[in-house]
Amino acid sequence: MKAIAMEETMPSVATQPKIVIEVQVQQVCMEYIRGSQRIPVLDRVNLEIQRGEFVALVGPSGSGKTTLLNLIAGIDRPVSGRIIAAGTDLGSLSDGELAKWRSRTIGFIFQMYHLIPVLTAIENVELPLLLRPLSRKQRRDRALTALELVGLSDRSRHYPNQLSGGQEQRVAIARAIITDPEIIVADEPTGDLDGKSANEVLDLISTLNQDFQKTIIMVTHDLRAADRAHTQRHLEKGVLLEKGVLKD
Amino acid sequence: MKYVLFIAKHLRRNRIRTVSTILTLGLCIFLFCTMRTVLQTVDASLRKANDSRLVTRNAMGWIFNLPIASKDKIQAVQGVKRVSGVTWFGGIYKDLKSFFPNLAVDAGPYLAMHPEYVLSEESKKAFLDDRHGCIVSRGLAQEFRWKVGDTLQLQSFIAPFRTKTPLDFVVRGIYDAQTDGHASSDKLMLFHFGYFYETTGERLGPTTYVVEIADGSQAGAISKVIDSQFENSGTQTHTETEAAFEASFVSLAGNLSFLLNALTLAGTFTVLLITANTMSMAVRERRSEIAILKTLGFSNGLVMSIVLGEALFIGVSAGVIGVLLSGELVGKLPDFPIIGDLVRSSQSQGLSLAVAGAGFGVAILVTILAALVPAVLAYRSRITNSLREV
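Just so you know, the protein sequences line up as chains A and B, in that order.
Each residue of the first sequence is one higher than the one before, counting from 1 in the numbering used here.
Each residue of the second sequence is one higher than the one before, counting from 1 in the numbering used here.
The shape of chain B in the complex, shown without the other chains (with noise of 0.2 Å):
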């Protein structure tokens, strides 16, 4: 303990650098939490994701449509049960910052494979006769104090799905959201593809097929059964388990997972010279003071020690701040679109105690290796030579 003001009075010697170094790391530990707790985030909702249930899409890409009549051929095919079209609306209610995802459906299949969306027999009755009607979460008619009954506009932001006129609606039902062992939303507005087919002028099919199979296990088989009956035809598919479409939805393209943890290691990896170079500059121009230190009869280790304790507090300095700044922004990433909808749907909100170990944990390593170099060349150092050098 009684080193510790020593340390402390040695951090001080150059505040800005000291400090610089010490938001540097942390910053680098706030990367790593709030990527790590995107990445659990996006992993358990992934595991929830229904194996039962199958995504087709354009082979191009999810944004564009698919043939209606795709969906007879798909359904005709063995070991399928289901198939709803699903179109992405981007209907926008009142404004921009208002938004929620909106989904056109072919509704008596869409809610019979998807038992998450628990709605009474009444009002589904009343959702399925009404071709304007809709049904809304529960998370979502609370934010908009919506009630059965109520009306409201919807007009898209995506051009071809854009109308001269908004979109009428009637909210049918409200939902609840039932995330145990499926992935679901709290904020989300289901109605009539239908009523999206007419009013976009009967030429744009749906954007995906959700496809409901009897066998979970068959869905790879099935999946290749799906994609081959449109090999040779003007839109090729390509059919993936749910799982696979929201990893891929979420990622947007590509590998988000391999390119978040990538960037976390670079950046971690930066640090980690970042701060062995300030370590080393922090020791170089102490040589002679680690000297007298040495002659005053301070050990070889106990000087190593002084060198890594001056890293550790850095380290510990760093790793609380940046597990506090990203608790502070994991907490508000339910406001956040898309991943938002994720972090609602699982089971732990904010930042986990696992999580924020890792990064304090990391921050504590990436210092002492940092100083280990500079550490070891104060243990080695000969005095005489420190001192002839001054």
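This is chain A alone, in the form it adopts within the complex (with noise of 0.2 Å):
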């Protein structure tokens, strides 16, 4: 895997911590095809987004927020530019090394959270530590752990259908975070709960930001979720607008 350095130093003022880049998103086009109908989804994008940043894409259906979402998060390929994260330049990696790559840089968390129905939570959360060289126990051991830190470490036996969607989304949430990722990405998180429960996941999200310094993008529609993020992008018929606001 080629790594990338892409450390910035910010004007000399001894007191500022040193910047990361963490994502760096370099004229990037995407498009669909339907038929024999070329449809162009993202137009020449670019997008730097530092270490520990919590940015909020956003933008109307249809803008190419989520093909954004999963061309950096490497699910995706772009028809051209290049794509930089967590020091890898993805469009280096073969398909194998990708999946690899994505195992141990990126956590998911999606709308309609995605659990597999036929595993307990315990067992969705412990998923993607089936790739990894660990006991049985050790897996378990973490996966308890990280369920414990989205508060569900009582329902680790129950199915997805026995569970609210809050809870399926918290317990989504620790599957995302189960691998220590560099960087999270949530395809709008709260799309499909309700006030409270949206509430408590973005609380845990902003939690994972502050407390464990993950890099947080996040695609939404919600004004509300948008404003917890450091960062709101702006997506309109597939070109990223002007930066937003750092918020402090």
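Some clues are possibly wrong.
From chain A, some residues computed to sit far from chain B (all C-beta separations above 10 Å) [to be verified]:
| id | residue |
| --- | --- |
| 1 | R82 |
| 2 | P117 |
| 3 | F212 |
| 4 | E236 |
Computed Cβ-Cβ distance ranges for the label pairs, DEER-style [stated by the list, open to error]:
| id | chain 1 | residue 1 | chain 2 | residue 2 | range |
| --- | --- | --- | --- | --- | --- |
| 5 | A | R157 | B | R388 | 29 to 37 Å |
| 6 | B | V19 | A | D141 | 30 to 38 Å |
| 7 | B | V320 | A | P40 | 54 to 62 Å |
| 8 | A | R136 | B | V320 | 21 to 29 Å |
These are computed hints drawn from the structure, not numbers from a lab.
Predicted, not measured: the structure shown is a model, and the values here were computed from it.
Where is the CB? At the ideal position from N, CA and C, for every residue including glycine.
Dock the two chains into a complex; use the hints.
Structure representation (structure tokens):
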């Protein structure tokens, strides 16, 4: 795997911390093919996300938010352009290498939770660890710790259909953090939740960012959710608009 | 190993579908193993049949009688050593449950051309001297606790052979069936054709003539000569080797091997299609889950292996069930009519390791073939496409 140093030193102020660019999107274009039609989705998108930053990608439906998120997370490949994430040029990786990279680097949270219905909560959380050389006990212990972190250790033996939407999403968050990834991508994590559950989930995501210094990239329609982010980036018809506000 | 639990959980998702697929395939393997065993037994029996014996029967079928006079004509054919009339009497002893094959034969020549029936000289003489006498196999004697001198009665279930009163017999000898090198039955009774002929009104000739020839390599030529003797008569004949006759007798009509093989193949192919459909359904309804696995870092190859692993689990389970069931039935084959005689006379009884292995192999092969297309589709599926369809 090709590691690329992306450290940039901010202007020489002795007290200012070193800023590390976690994600760099350079001139990325993306299109989908439907029949004989080529549908452009992203048009020369450039984006930089710092390590430990919490970024919200906002914009109307069909603006390319999820597509950009998928490209950053390495589950799709751009038509052109370059994406460097966690020090790796994703374009230089084979499919197998990309899968390995995802398992180590990215934690995923989806709108529809996407838990495996035949597995219990703890088994769902444990799933990414099957790819690691860990004993069954080690996997179980870590999964239980992750469930404790999201406040669901008492529901570890429950199946997804025995949990509420908010609880399912929290299990999904536990699954996302079980491998201790550098980056967490969240696609409309509150889109299917009521207000209270949505707040709980957003609190958790904020905790992951603030207390565990995870880089969070979140796609959302929800303005309250977007407000939790340091930065909001707007996409409009596949074009990334000017940089949003970096909150303190 | 760590994926086994994961695979097992997926198979439990739709238990009825999984169990019915396993049972369907298991049934197919059961049929495969059982039919292969039956065919092997028949083949083994035919291989043992004596080439130096021919069987002449009515060209219309072996249930039709031949004239008594035909015997002398056959005997006169060059290369023929001995001729014996044989009629399958179909006599019932007590009731149908205790049925055993019983043949009316020209005792002298018949015993002379069947060295596999090992009988003491004393018993042989006693049998030949007594028109009501019969000889029974050791197995039959043990089953009915007969000893020399015991009497028994038989009444045929075949209409033309039925008499007002049952035929009386005296056991004059108990023979041992020597299976080595010859087809032989361990449950058979032989009695005099003359006695049968008298009691049925002297109008029914034998249904077959067993012909011993001097040179087995001349079987084809001699058969043609025998049949040509009756070409322009009212009762045309069909002569063939004992092996061919037994084959046609076992298969009753037509090619049993072909039929059984075709049935097995058709059954296996049908199950292949059913399993392929089941596996396709199982993978199709889990497209988003497969996408999630890939998202979490499961490689395409690993996802494909998991799908194939599920198929393998089904194949192994079905193979075990099919082989066990077949083993049970094959163990009971000796009790079946006709085929039971062949099984008892064969060297090895029970399900052979080769057939069990083949059955198990077919189960694995069918499920792997059935899962191949869904597995490749799972391998090739794109995460974003699958997630978008949710």
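* Asked: Within 21 to 29 Å or not, the Cβ separation of R136 of chain A and V320 of chain B?
  -> holds, 26 Å
* Please test the hint of 54 to 62 Å on the beta carbon pair from V320 of chain B and P40 of chain A. => Since the Cβ atoms of V320 of chain B and P40 of chain A sit about 56 Å apart, the hinted range of 54 to 62 Å holds.
* **Nearest-CB test (10 Å) between chain B and P117 of chain A** => At roughly 8 Å from the nearest Cβ of chain B, P117 of chain A sits no farther out than 10 Å, so the non-interface label is violated.
* F212 of chain A non-interfacial with respect to chain B [C-beta, more than 10 Å] -> holds, 19 Å
* To do: Please confirm whether E236 of chain A is truly not at the interface, meaning its C-beta sits more than 10 Å away from all C-beta atoms of chain B.
  => Nearest chain B Cβ is 21 Å from E236 of chain A, so the label holds.
* Are all beta-carbon distances from R82 of chain A to chain B longer than 10 Å? -> Non-interface label stands for R82 of chain A: nearest chain B Cβ at 19 Å, farther than 10 Å.
* Within 30 to 38 Å or not, the Cβ separation of V19 of chain B and D141 of chain A? -> Holds, at about 35 Å.
* Check the following: the C-beta atoms of R157 of chain A and R388 of chain B are separated by a distance inside 29 to 37 Å. => With Cβ atoms ~32 Å apart, the hint holds.
Of the numbered hints listed earlier, the single one contradicted by the structure is hint 2.
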